[in-house]
Amino acid sequence: MEKDKAARRGMGRFSLVICLLFALLIIALALNLAVGSVRLSPNEILDLLKNGRNASTESLIVFNIRMPRMCLAAILGGALAVSGFLLQSFFRNPIAGPFVLGISSGAKMIVGITMIFLAGSISLSPAVLVIAAFIGSLLITAVVLLFSQKVRNMELLLVVGIMVGYICSAVTDMAVTFASEQDIVNLKYWSMGTFSGKGWDSVVTAALICTPALIASWLLSKPMGAYALGEGYAKSMGVAVKPFRLALILLSSLLSACVTALAGPISFVGIAVPHITRTLLKSSKPALVIPAAFLAGAVFCLFCDLIARTVFSPTELNIGTVTSIFGAPVVILMMVDRRRRAGQ
Amino acid sequence: MTAFFETNGLAVGYNGKTLIRDIDIALNKGGILTLIGPNGSGKSTILKTVARQLAAIRGSVTVEGSELFRMSAKEVAKKQAVVLTERIRPELYTVRDLVGLGRYPYTNIVGRLTDDDRRIVDECLALVHIKDLAERDFMTLSDGQKQRVILARALAQQPELLVLDEPTAYLDIKHKTELLSLLRFLARERGMTVIMSLHEIDLAAKASDLLLCVKGETVAAFGTPDEVLRSLPVEELYELEKGSYDPDFGSVELEKTEGKPRVFVIAGAGHGIPAMRSLQRERVPFAAGILFENDVDARVAKKLASSCVIAPAFEPISEELFEKAKTLMFACEKVIDAGTPVGTFNEANGRLLALAREKGLLKNE
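Chains as they are written, first to last, in the working numbering: chain A, 1 to 344; chain B, 345 to 709.
Since the hints were made in silico from the structure, they are not lab data.
Predicted model, so just to flag it, every value in this text is computed and none were measured.
Heads up, some of the hints might be wrong.
What the hints assert, rightly or not - Which residues of chain A face chain B? A partial, calculated answer using Cβ under 10 Å:
#, residue
1, L31
2, A34
3, G36
4, R39
5, R92
6, P212
7, G225
8, L281
9, S283
10, R339
Stated by the list, open to error - Straight-line alpha carbon distances no greater than 30 Å define the calculated BS3-like cross-link-like pairs of lysine-lysine that follow:
#, chain 1, residue 1, chain 2, residue 2
11, B, K475, A, K282
12, B, K422, A, K150
13, B, K361, A, K242
14, B, K678, A, K242
15, B, K646, A, K242
16, A, K242, B, K422
As the list claims (entries may be wrong) - Here are a few chain B residues that sit away from chain A, every Cβ distance over 12 Å (derived from the structure):
#, residue
17, E419
18, L436
19, D481
20, A498
21, L526
22, L584
23, Q624
Backbone N, C-alpha and C define an ideal beta-carbon position, used for all residues, glycine too.
Assemble the whole structure, with the sequences as input and the hints as a guide.
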């Protein structure tokens with residue numbers, strides 16, 4: 001039957017993309033384990049994986065450094081991509097993202113302030129940082145939403161977002177002026193954005209926050225699809241628009257806050273990866289895009305992290321530097337392409 | 345007996361401020377009700393309230409006897425579907441996927457379409473004749489095609505009541521007539537009840553069972569198109585000052601040029617329309633005659649000529665009218681012969697022509 005063929009073609013494409021992304025994920029994971037200042041052969045790694053931890057330096061490198069780092073890059077990369085996709089669904093515009101709307105900078109500001117002024121009184125566990133980042137994200141999201149009611153034009157809203165981002169950075173810089181030497185080192189290190197130096201506790205925190213948030217996001221696929229037609233149509237189909245919008249914003253903020261708290265602000269992944277995913281899938285169906293974007297985000301960040309720590313080894317680049325180099329051109333191309341198509 | 349769709353003492357508006365009150369509508373199943381009225385008169389506000397997008401300020405809206413505002417969102421979604429004026433721009437949606445969204449109130453938590461759902465989507469695509477567009481990207485379609493897809497999506501909700509806000513906006517005449525024919529088909533053959541708003545009063549009168557005129561704070565008229573357009577002339581409803589509207593044919597004429605006639609048009613049997621339109625465009629005041637009252641030329645002359653000589657139908661033209669026309673003609677600078685044949689009843693026009701020729705007034709020879 002014709003329609004079955006069509007339906008199968010859609011699903012076939014999805015399966016194909018998922019398989020491709022899984023293959024890339026495995027390659028990326030293997031490279032991340034093997035490549036570095038200490039190069040390990042596949043056999044050595046397989047040996048270590050088979051026999052478990054031992055006291056050797058290699059074991060320490062694989063289990064305590066590379067593995068948690070790679071897990072974190074994968075989880076947070078995926079979370080960032082999904083966070084971006086949620087924001088894009090919210091604004092019904094593919095150029096929305098946590099970084100360009102200043103939401104990541106808001107998270108950074110509150111985390112920075114927390115690091116400087118509360119470092120003495122509370123322990124800065126990953127969970128505390130996530131809470132601080134979540135508060136910062138929500139704060140800036142609220143500001144952006146306030147503006148979005150006045151400015152209907154998305155490009156203008158982006159400018160507002162970027163400006164708000166600068167204000168947040170300025171506040172962060174101001175806070176740094178009053179910080180102690182040790183805090184500054186910590187803050188600088190963190191605020192540049194990196195997956196390095198994170199232990200398993202960060203991975204566990206990330207997994208505990210992102211897993212339920214990602215599942216919840218996927219469960220919002222159905223109303224997200226309806227909402228793509230606009231509020232009026234969504235309402236007419238039975239979507240409770242207000243709670244739905246709130247859920248989108250909370251989930252998106254939580255995911256991007258988790259990333260910012262654990263790895264610092266990472267730019268452009270939230271826009272570039274969902275765009276690439278939609279293009280690969282040739283579909284915007286949220287039920288398909290969310291899992292694919294998660295995988296693509298993981299792959300993207302794993303490769304970016306690999307580049308960050310190997311290209312100028314032993315000096316490491318910020319992860320944000322690498323994601324910008326690869327992500328920003330995608331975003332530019334996308335905007336140009338949209339303009340061109342809108343002009344037709 | 346209660347009608348399928350009813351409003352009683354309904355008042356609508358925004359933020360608690362009433363725009364239109366005392367709206368009482370009764371519409372039977374399979375009927376089409378069209379809201380007409382000037383821009384900004386509140387047609388959309390009424391439709392939004394009926395579609396439950398906007399809370400009613402007072403009064404009730406009932407569908408099959410149950411109060412609309414007491415139903416759950418899902419119940420409403422299964423009963424009624426909408427076509428809105430806001431233009432949608434979903435990226436990377438195929439027509440089939442977009443129409444599939446209409447199954448929303450029937451699908452499970454992740455929105456998975458069952459075989460039944462897919463069959464219904466196919467039926468809806470076939471109903472609006474866009475089966476061959478099923479795999480196309482929605483954004484690549486023309487406005488006419490898009491509107492069909494949006495209608496198909498609404499139909500996929502399997503509604504009993506269809507609410508459409510200016511569904512013919514952006515459409516050309518072909519797509520307008522096709523859309524309205526389709527709505528008539530759905531109403532008569534499928535028992536679909538339709539409430540919509542239209543800007544084209546002529547089409548509204550032809551496509552609807554009932555018309556509702558919105559003007560000012562209340563409903564200005566409600567009834568069959570015939571009743572409504574006779575009780576409330578379109579010129580009055582739209583405060584038309586620079587033109588006129590013929591309710592029987594739905595044709596619009598631009599403003600007539602008043603003043604002492606400079607040209608006399610000898611017309612009849614529709615031959616005079618091009619000459620009269622051309623004089624109107626040049627803003628030349630003119631007279632027309634001698635026309636029988638049942639002649640199309642007479643209808644147009646009444647709307648465009650600054651004065652005209654009209655004779656009763658089915659009678660030879662009286663000498664009195666001939667004299668009147670002669671005086672009027674001799675007061676003009678020139679005379680145009682529209683080319684109407686001269687027969688037994690209008691032989692008076694033949695005499696006028698001869699006189700004009702004699703005096704050298706006849707210009708188009």
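Outcome of the hint check:
Hint on A/L31 is violated. Least Cβ distance to chain B is approximately 31 Å, over the 10 Å limit. Given the 10 Å rule on beta carbons, the hint for A/A34 is violated: about 37 Å separates it from the nearest Cβ of chain B. The interface hint given for A/G36 is broken, as the beta carbon of that residue sits about 39 Å from the closest beta carbon of chain B, more than 10 Å. Annotation: interface hint on A/R39 violated; nearest CB of chain B at approximately 42 Å, more than 10 Å.
Using the Cβ-Cβ criterion of 10 Å, the hint placing A/R92 at the interface with chain B is satisfied: the shortest such distance is roughly 8 Å. At its closest, the beta carbon of A/P212 sits 16 Å from a beta carbon of chain B; the interface hint therefore is violated under the 10 Å criterion. The restraint placing A/G225 at the interface with chain B holds, with a minimum CB-CB distance near 6 Å, inside the 10 Å limit. Interface hint at A/L281: satisfied, since its Cβ lies 8 Å from the closest Cβ of chain B, which is below the 10 Å cut-off.
The criterion of a C-beta within 10 Å of any C-beta in chain B is met by A/S283, whose closest approach is roughly 6 Å, and the hint holds. Because the closest C-beta pair between A/R339 and chain B is about 14 Å apart, greater than 10 Å, the hint is violated. Note on B/K475 and A/K282: the hinted pairing holds, with a Cα-Cα distance of about 20 Å set against a maximum of 30 Å. Between B/K422 and A/K150, the direct Cα distance comes to roughly 34 Å. Violation of the 30 Å bound is thereby established for this hinted pair.
This hinted pair checks out: B/K361 and A/K242 have alpha carbons roughly 22 Å apart, not beyond 30 Å. Note on B/K678 and A/K242: the hinted pairing is violated, with a Cα-Cα distance of about 71 Å set against a maximum of 30 Å. At most 30 Å may separate the alpha-carbon atoms for a hinted pair to count; B/K646 and A/K242 exceed this at roughly 57 Å. Only pairs whose Cα atoms come within 30 Å are accepted, and A/K242 paired with B/K422 is accepted, the gap being roughly 21 Å.
With a closest Cβ-Cβ approach of about 9 Å to chain A, B/E419 is found to fall inside the 12 Å limit, against its non-interface label. With a cut of 12 Å on Cβ distances, B/L436 falls inside the contact zone with chain A, its closest approach being about 4 Å. The Cβ of B/D481 sits about 9 Å from the closest Cβ of chain A, inside the 12 Å cut-off, so the non-interface label is violated. Chain A draws B/A498 into its interface by the beta-carbon criterion, the shortest separation being 8 Å against a cut-off of 12 Å.
With a least CB separation of 20 Å from chain A, B/L526 remains clear of the 12 Å interface cut-off, as annotated. No beta-carbon of chain A is positioned within 12 Å of the beta-carbon of B/L584; the least distance is around 31 Å. Every CB of chain A lies more than 12 Å from the CB of B/Q624, the least distance being 40 Å, so the non-interface label holds.
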